[in-house]
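2 protein chains.
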Amino acid sequence: MTSTPALPNFDDVKQAQARIAPLVHVTPIHSSAQLSALAGCELFFKCENLQKTGAFKARGACNAIFSLARQQLRNGVITHSSGNHAMALSYAAAQCRTKATVIMPSDSLKSKKDSVKSYGGELIECTPTLDARESTMQAIQAKTKATFVHPYNDPLVIAGQATCAAEFHEQVPELDILVTPVGGGGITSGSCISTMALSPDTRIIAAEPKAADDAYQSFQAGKLIELPSPTTVADGLKTNLGSLTWPCIRDNVSDIVTVEEQEIVNATRLIWQRLKMVVEPSSAVVLAAVLKYPEAFKNQRVGLILTGGNVDIDQLPW
Amino acid sequence: MTSTPALPNFDDVKQAQARIAPLVHVTPIHSSAQLSALAGCELFFKCENLQKTGAFKARGACNAIFSLARQQLRNGVITHSSGNHAMALSYAAAQCRTKATVIMPSDSLKSKKDSVKSYGGELIECTPTLDARESTMQAIQAKTKATFVHPYNDPLVIAGQATCAAEFHEQVPELDILVTPVGGGGITSGSCISTMALSPDTRIIAAEPKAADDAYQSFQAGKLIELPSPTTVADGLKTNLGSLTWPCIRDNVSDIVTVEEQEIVNATRLIWQRLKMVVEPSSAVVLAAVLKYPEAFKNQRVGLILTGGNVDIDQLPW
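Taken in sequence, the protein lines are chains H and D. Counting the first sequence from 1 gives a position; my numbering is that position plus 1. Counting the second sequence from 1 gives a position; my numbering is that position plus 1.
Errors might be hidden in some of the hints.
For chains that are exact copies, the list does not tell them apart, and a pair is met inside one copy or across any two.
[To be verified] Each computed DSBU-like pair below joins lysine-lysine, with the alpha-carbon atoms no more than 30 angstroms apart: (1) K211 / K144; (2) K114 / K100; (3) K211 / K100; (4) K144 / K114; (5) K144 / K224.
Just so you know, these hints were derived from the structure itself, not from any lab. Quantities reported herein were computed from a predicted structural model and do not represent experimental measurements.
Between the sequences and the hints, there should be enough to build the whole structure, so can you do that?
And the structure:
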C-alpha cells in the first residue's frame, strides 16, 4: 500500500489542459429554447458525448497516461471500468503507443466492449461486481507490472476530468449552478476544483441515480458509505466514491440530489428529441435532476455536463 | 395561373441571410476521425439537425414569411409537406404572429405532426399522394385566401435554403465536393446558387434514395420526370423536383447518385453511433452516397448537408 496521494489543485488542472490539448476536443455547448422553457431556467449543455471516445473520460485517461515515465509505459497500463474509462484508456494508450488492458464487467454494453477492442485495448471480462473487477485486475497486474490507472480515484485522472468544467466556465461565464453527474466522483471533484478557481460563485449540485445513491447517502451521513453492486440504467454511474473524491465532494458541492430510473429514461428521450444528441442515460441524470426540482433552478443560468454518448442503439431503454 | 417566377440570385441569398439571422441558428460543422477514415476522405457535416425546428427548412420558411406584405399576413399562410417544411412554416408563422395551416400526408411521422401543433400550426391530414396534398390545400385556400408557401418551388424558399451552403462555405473554405440531399430540390438548387458565388471550384453532387429517384432519372434523361407516390425510409426526400429547382439542378450539379434503402439505414446508424447526432434517414443519404462511391470522393474535402433530426425515436428504422 502506498499513502493516499493528494487531490490535485488548479495548477495541476492547467498542466493537464496543456498536456491533453492535442489529444481531446474542446467540446461545444448546446442549448434548446424548448428545453429551457420546460425547465424554467436557462440550460447550457456541455457536450462530452462529442468528446474523443464519446465521453469525458478521455480527458482523465490522456492526462494520466501522458504523465507516465518511459519505464512505466513499457509495461503498459491496466484498469477496470464499466465502459467509458476503458475506452478512454484504450484510446489514450494507443495515442501514446503503449498497451492497455481493461477489465470490464460482463454486463457492459456490447458497443463499449467492441469500442475498447477497436481502439486496440485488450479486453478481459469479469463478473459484474467491484470485488471481481479489482481481484481480476490485481492477478493480471502481478504478472505484467502494468500501471493501474484508476477510473476516478487518481489525482491525474481527476485533474484531467477537471479540464471539462474549466472549459465550461470559459465558454459560459457566470453560471449560477453547475450540475454534474456523480458516479465515482471524478468529474464532480474535478468540477469543484476548477469552479473554485474560475467561478467561485457558481454552486455545484451533483445528480445521482437513486438506484446507486452512495454519494447521496454519504453526503447525508457525513461519512463515506459504499454500496456493493448497484444497478441502474445510468450504467456509467454505478461506481462508489473513492478516498480522494469523497472529501472533495463533501466539502465543495452545495447539494446531491437523486432521480428515479424512469426519470432518467424520460430525460434521455428529451435530450435525443430536443437537443438531437445521442447521449447515454448517465448523461441525462443531470437534466432529470433539474426537471425534478424546478424550484432549485428557477430562472438560474444552469450548466449541465453530459457524460457521454456511448449507447447501444439496438438496446434503447424505452 | 401566374407566370413562373425567376430563380433567386446570390443577392437574394444575402438578403435572406440578413432577414432570417435573428430567427435561425448558424449551425455547427461536426466531424469524426473514424467516419473520415471509413470514407477515405475528409468529411465535414453541416448539422441542420441542430437548426430551429430540427431541419434546414426553417431557413426557407422564415425567409418566405418575413417577406410577405402586411395584408398577406392577415390571411395567414398555408402549405403541404411531409413534415419538416410544415414544422418550419408553423415556427416561422408563430415568430411573425400569423397563422399557418399545414396539409400533411396521413403517414407522416407522429413526432412531426405533434411538432406542427406544438408550434401553433393548424394540422390537416390527407391521403399520402401529391395530388391529394394539392387538392386539399386548394380547397382550404379558396376559403381563407391564405398565401401558399411551397415547400421548395418558391424563389424565397430557395433563397432561404441557399443560406445553408453560404454559411457552410464560410465555415469550411475550399471544399472539393458538396454533397446535398435531393428531394424537391430546394436545398440542392440553393446550394448551387451559393456555391457558384462563394466557392465556384466546389463540385456539387446530389444524393437521392433509389426508391424516389425522380431527380436521378430527370438528370439522366435531360428532362423533368415525375414519380407518382414514391416510398422511402428517407421520408423527407419523396417529393419531385419543381419547375424552378429542376433547371438549376440540371445545369449546375456535377452528378446525381442514388442509394438503396438499406444503405440509408446503415448510414443513419453510423451517424448516430459515430457523430452522436440524432438525424433522420433523409440526412444520411449523403453519407450513404459517399460510402457507396468511395472512388469519387477519395482524399477529397467533402461537405455533407444533414437535412434534419426529426425522427420518431420509438419507431427507428432498424
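Structure-based check of each hint:
no., hint, result
1, K211 / K144, "neither (39 angstroms within a copy, 56 angstroms between copies)"
2, K114 / K100, "within (16 angstroms within a copy, 51 angstroms between copies)"
3, K211 / K100, "neither (36 angstroms within a copy, 45 angstroms between copies)"
4, K144 / K114, "within (23 angstroms within a copy, 61 angstroms between copies)"
5, K144 / K224, "neither (36 angstroms within a copy, 72 angstroms between copies)"
Checked against the numbered hints listed earlier, the structure breaks hints 1, 3, 5; every other hint is satisfied.
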